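Input sequences plus hints: build the corresponding full structure.
Residue numbers (the numbering used here), protein chains in the order written: chain A, 3 to 304; chain B, 3 to 304.
If you're looking for bench data, these hints aren't it; they were derived computationally from the structure.
This structure is a prediction, so every number in the text was calculated from the model and none was measured.
There's no promise every hint is true.
Said to hold, decoys possible - List time: in silico SDA-like cross-link candidates among lysine to any residue, alpha-carbon distance up to 25 Å:
hint, chain 1, residue 1, chain 2, residue 2
1, B, K275, A, K275
2, A, K109, B, Y148
3, A, K28, A, A65
4, A, K275, B, Y148
5, B, K275, B, Y148
6, A, K275, B, R151
Now for the letters of each chain:
Protein chains: 2
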Amino acid sequence: MIVTIDEQGLRDGLQTLSLTIPTETKLRWIGQLVDAGVRRIQVASFVNPKRVPQMADAAHLFAQLPNAPNVQFSALVLNEKGVERAIDAGARYLAISLSASDTHSRKNTGMSLGEAKTSFGAMVRLAQSAGVSVRGGIQCAFGCRYEGRIDPNVVLDLAKHHLDLGVDELALADSTGMGNPPQLGDLTAHVVELAGGGPDRRPAVSLHLHNTENKGYANVFAGLQAGVRHFDTAFGGLGGCPFIPTATGNIATEDTVNMLHQSGYNTGIDISKIATLSTEMAQLLGEPLPGLVYKLVSGFNA
Amino acid sequence: MIVTIDEQGLRDGLQTLSLTIPTETKLRWIGQLVDAGVRRIQVASFVNPKRVPQMADAAHLFAQLPNAPNVQFSALVLNEKGVERAIDAGARYLAISLSASDTHSRKNTGMSLGEAKTSFGAMVRLAQSAGVSVRGGIQCAFGCRYEGRIDPNVVLDLAKHHLDLGVDELALADSTGMGNPPQLGDLTAHVVELAGGGPDRRPAVSLHLHNTENKGYANVFAGLQAGVRHFDTAFGGLGGCPFIPTATGNIATEDTVNMLHQSGYNTGIDISKIATLSTEMAQLLGEPLPGLVYKLVSGFNA
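Encoded structure:
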């Protein structure tokens, strides 16, 4: 059985770092990811460069992406201006999302959930009118630091909303790492059913998981049991900040792929090549990353 | 549903450290664990003090254990001399195990698997003749660094062997962290069936899991689905050495309990009190421990 990995390290991983990675380094890493067999890479976000300077080179980066027809390069966007900039830069796949938590939505975007739905719809239609594919996301689908557990019916309503808008993919994000396996598996199975059921359904349902409370990989297993075959990961477990005690890293690409391969799934990804990249990143940062498998593969000693 | 946690930090956690913890510190930690609601604690191993100086105070420790009738204090033993010393010291619950990997057995103990079975039988009978309870373990049940995947039939045969000897509990150990959720869940379900089936069966089947490859908590979830209600953990994820790249820590008590509570299970354990202990240990070692939840609870900044 095939499982697809969507590499988020260059976007979700880098955006919280204090250092800014040069475009040519990002391009080299993208080349290494493609060479390692990764077929979906989120390379940048088109957001305010004053707020996220690590992503200021988004258009510059898209202009220089390698010619790899079998690789899907995506970008994250937060508003219509971002959609326009991304389309102008040549992006063919956009990640657009809203939060299932009204409080989180208001604090993070200044919009109520209702306003966010309106904005989301406008962004999706703008992308669709340009023939660009859309992945519709639901942040905080399994918990919010402000509101705690999110009512599953809110998530199911948002999933229907996204599907009605004709998104090409539906992404459930455990942005806070608060989801637990039975809860996450149960709600995800319902969303998979909504989206058409079965691993070959269209649109696909994907999971974006964080390992904040060490449940990320258990949630991968629960997601597999719920029928999900698409997972977001970041090499080395980048994401959030590895230097602070509440580090909220993504699940690590190589750790996830290792578990998947051992469990009988095929990803087409070469673990040792991802581990090489994580080792380089750890050396650049001068600190170990949250992932464990790259340490076993490379012998990197923090 | 109740899940029982067997705290291994004082034995599996400390035995690999380069520093030796004074007996009075261990006793204070044991008091904190009891106060946190832990009802099973492996406090020491009766092994050669020249080889494992951290455990040289085993008898001294047993003589000073707190009067806590509802807490089971256990010890690990490797040979008949160890059984005798443990019984003399007043231990009422002994962990005795052998490895499912012949190569690992030969390298670790100098005995073939057949010889180890004979030795195991002699130890179990010696303990039983003194009215002491025995937990019979199978190391490397899900993989071995020398032999790779272990034939599940070897593990099932050893489980039958242990059950025929009348062990009070059967422990499957993923000593290397190589087990993956579907494989571990499948084999464990077979062993649970052998042992009598159902969560209320006697003898209980317990799982001893390491998070070496970041699959430890996914394997907890797989174990729960297989009917297991007893897990070994170590506060902070101690075990193996946190300082080396191939760190092979146990799953962390507080991370496991956190996932269990969120998943609807009851352990009776106060997570914040375990996190306090892990924070103290991290400060003592001057390095963060592998567990993640204590960092969220305590704000400990490595």
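Taking the hints in turn, this is what the structure says about them:
Simply put, K275 (chain B) and K275 (chain A) have alpha-carbon atoms about 41 Å apart, too far for the 25 Å limit, and the pair is violated. A hinted pair counts as satisfied when its Cα atoms are at most 25 Å apart, and K109 (chain A) with Y148 (chain B) does not qualify at roughly 53 Å. A C-alpha spacing of about 13 Å is found between K28 (chain A) and A65 (chain A), which places the hinted pair at or below 25 Å, so the restraint holds. Distance restraint check for K275 (chain A) and Y148 (chain B): the Cα-Cα separation of roughly 24 Å lies within the 25 Å cut-off, and the hinted pair is therefore satisfied.
Our distance criterion of 25 Å between C-alpha atoms is broken by K275 (chain B) and Y148 (chain B), whose separation comes to about 39 Å. A threshold of 25 Å between alpha carbons decides the hint, and for K275 (chain A) with R151 (chain B) the separation of about 24 Å falls inside it, so the pair holds.
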